[in-house]
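J.: Residue strings, one per chain:
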Amino acid sequence: MTTSATAPAATSPAILIEAVDKWYGTFQVLDQVSLTVATGERIVVCGPSGSGKSTLIRCINRLEEHQAGRIAVNGVELTDSVRNIDAVRRGVGMVFQHFNLFPHLSILDNCALPQMLARGTPRREAEDRAMQLLRRVRIAEQAAKFPGQLSGGQQQRVAIARALCMEPQVMLFDEPTSALDPEMVKEVLETMVSLAEDGMTMIVVTHEMGFARRVADRVVFMDTGRIVECAGPDEFFDSPRHERTRSFLHQILH
Amino acid sequence: MSWPLGEFPIMTMTTAIPAAAADGPPKRRRTPILQILFGDLLAAGLTVMTGALVLALLPALRWGVLDAVWSTADPGRCGAGGACWAFVAAKIRFILFGVYPADEQWRPLAVIGLVLAMVLVSLPPRHWGRRLLTGWAVAIGAMLALMWGGFAGLPFVSTANWGGLPVTLLLAILSLGLGFPVAVTLALGRRSRVPVPRFLSVLVIETIRGMPLVGLLFISSIMMPLLLPAGWSVDKLGRTLAALTIFAAAYLAEVIRGGLQGVPGGQMEAARALGIPVWKAVWHVVLPQAIQKVIPPLTNTAIVMVKNTSLVLIVGVFDMLSAARTAASDPVWPAPYAESYLFVGAVYFLICFAISLYARWLEGRVQEKDLR
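As you go down the protein sequences, you meet chains A and B in turn. Mapped onto our numbering, the consecutive letters of the first sequence carry residue numbers 1 to 254. Mapped onto our numbering, the consecutive letters of the second sequence carry residue numbers 1 to 372.
Chain A with its partners taken away, still in its complex shape (with noise of 0.2 Å):
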């Protein structure tokens, strides 16, 4: 377990979740799911509030705790060891619907204290590489400002920095444009599409079927915390196989 915590192995899939359970209480969020995403994939992750998608990505690095099952991601098991779940973070990065930046540091110390905190990156390094993805994100000129002088749409692209800053190999997307204006949404979304084409492997949750379209390779239509259905783009949008998935489509594309 220690080498694999160290140095993953070449052959295993970037996310593996089998039969995964999870419950609130008494009620299930999540029933047997599974899923398995390679490296470099696209997964998009949709379905009504309460489906169980958030708390599914959220279980993937360890924001929650599943109950039964296996969650691996590059070859770590999630289990109670701090030390696997450390190691999950560390290759994880995620992004979150209120963006949750820190509101009492600068933009560049959102992006640089977080490497210096979890990694024991010298300063100035820190700061060369907040810079260097800050440009990135092309928001550069803002790194002297606070998060509460940006736009959402800002702040958002500050947040998909701020993970980038911790060279995931995965990232997690939980509903991130949900809280933003809708004019802000597209700056945001294309930040994430230039992403998946540099080759990151990522998992999104979002109900913006045009990304999905256009970015996803698979996906995934979850509904009381079950996976549905999970296909490709093209067949998941003009010929979806279940009752359920069609409904919701129909629901949210008018």
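Just so you know, the hints here were simulated from the structure itself, not pulled from any lab data. Among the clues, some could well be false.
Stated by the list, open to error - 20 Å max Cα-Cα, derived EDC-like pairs, lysine to aspartate or glutamate: (1) 236(B) <-> 254(B); (2) 145(A) <-> 254(B); (3) 293(B) <-> 363(B); (4) 280(B) <-> 86(A); (5) 280(B) <-> 198(A); (6) 145(A) <-> 128(A); (7) 145(A) <-> 109(A); (8) 280(B) <-> 197(A); (9) 145(A) <-> 127(A); (10) 186(A) <-> 198(A); (11) 186(A) <-> 197(A); (12) 293(B) <-> 254(B).
Claimed, not checked - Residues of chain A clear of chain B, computed beta-carbon distances all greater than 10 Å: (13) 194; (14) 199; (15) 244.
Owing to the predicted nature of the structure, the values given are computational and were not obtained by experimental measurement. Heads up, the beta-carbon is just placed ideally off N, CA and C, and yes, glycines get one too.
Dock chain B against chain A, hints included.
T.: This is chain B only, laid out in the frame that chain A set:
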């Protein structure tokens, strides 16, 4: 339902001020003074009451200024109905420095200067950091060394002879400064999911908060020496400081806990998702935000603690208030207690008002950063 444009109430209001559209916001006309004072029933009532108050204070003005004796070397000239400010002038060294040896009083004076200098350096938040903290530790050490003496030709002065303003300042700064880390620990303990630290924190906080400070001072100055093993002794000033510190810690802990509760859970989640270890996340992400949120109640506690130090006179520590009381009981002067207390009150007011002003400025700065 549709409003014809001109009839829409807000529209008619804006068109009533034609100049506004052309030259930006309209200039507010000055309200006539009579209208301010007697414009409506409330204003008139307040004016009459304020007037009555001023009239009632006139005798005090006469006592404090017109009939006052400002300077005299002869105590006998005081006591003719006016305030005896000459007494304060004559006794100021005693009130400020207590029974500290007269030839060595430059030392407590230097301590006051050092406190002022350190406070000034600490004002801008960009100076805050490890270096400033070290600076304070060194400065406090220097102050205590200066007060004690016993080195480099400075005669030794026992804490029993310390007194006045330096004692007040040292007690206030040290009880708040030492109490703060304890308070943070207690607040985090109380929010902990682990039962043992949570229970201990609740126990300490609620016990201390349920006790009057005077009681705590008695316990520390009278009971503690009895409980310590024979041969052990802790200086009276030290015991008093311990009581003040734990008292400040309990109150600060509750304030900080309020701040911790105000930090959204997403902050900790984001820190964990980034792989930041829990304690570093608490220290660098959660605590700074929590403390920023509770600057006003922290100020309040700081002010209360500055004033609370005056209670130490009950256990015989010679702070500024004790010194003032002792000074006024000098039989040579005609018992000028009012003047003595008023002077000390003014010093306390200056300290507390300054803290208050600073906190307001600090709060404004935090809000500027948070332009949501």
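J.: For residue 244(A), is the shortest CB-to-CB distance to chain B above 10 Å, so the non-interface label stands?
T.: holds (31 Å)
J.: Between the alpha carbons of residue 293(B) and residue 254(B), is the straight-line distance 20 Å or under?
T.: OK: residue 293(B) and residue 254(B) at ~13 Å, within 20 Å.
J.: Would you check the hint for residue 145(A) and residue 127(A), treating anything up to 20 Å between C-alpha atoms as holding?
T.: holds (15 Å)
J.: Can you confirm whether the C-alpha distance between residue 293(B) and residue 363(B) stays at or below 20 Å?
T.: At roughly 9 Å apart (the allowed maximum being 20 Å), residue 363(B) and residue 293(B) satisfy the hint.
J.: Would you mind confirming whether the straight-line C-alpha gap from residue 186(A) to residue 197(A) stays at or under 20 Å?
T.: holds (16 Å)
J.: Are the Cα atoms of residue 186(A) and residue 198(A) separated by 20 Å or less?
T.: holds (18 Å)
J.: Please work out if residue 145(A) and residue 109(A) have their alpha carbons no farther apart than 20 Å.
T.: Roughly 10 Å between the alpha carbons, so the hint for residue 145(A) and residue 109(A) holds.
J.: What's the verdict on residue 280(B) and residue 197(A), does the C-alpha distance respect the 20 Å limit or exceed it?
T.: Measuring from Cα to Cα gives roughly 34 Å; hence the hint is violated.
J.: At 10 Å, judged by beta carbons, does residue 199(A) keep clear of chain B as stated?
T.: The claim holds: residue 199(A) sits with its nearest Cβ about 22 Å from chain B, beyond 10 Å.
J.: For the pair we were handed, residue 236(B) and residue 254(B), check the Cα-Cα distance against 20 Å.
T.: Violated, at roughly 28 Å.
J.: At 10 Å, judged by beta carbons, does residue 194(A) keep clear of chain B as stated?
T.: For residue 194(A), whose nearest Cβ neighbour in chain B is about 22 Å away, the distance exceeds 10 Å, so it holds.
J.: Is the hinted pair residue 280(B) and residue 86(A) satisfied, with a Cα-Cα distance of at most 20 Å?
T.: holds (14 Å)
Taken one by one, the earlier hints fail for this structure at numbers 1, 2, 5, 8, listed in ascending order.
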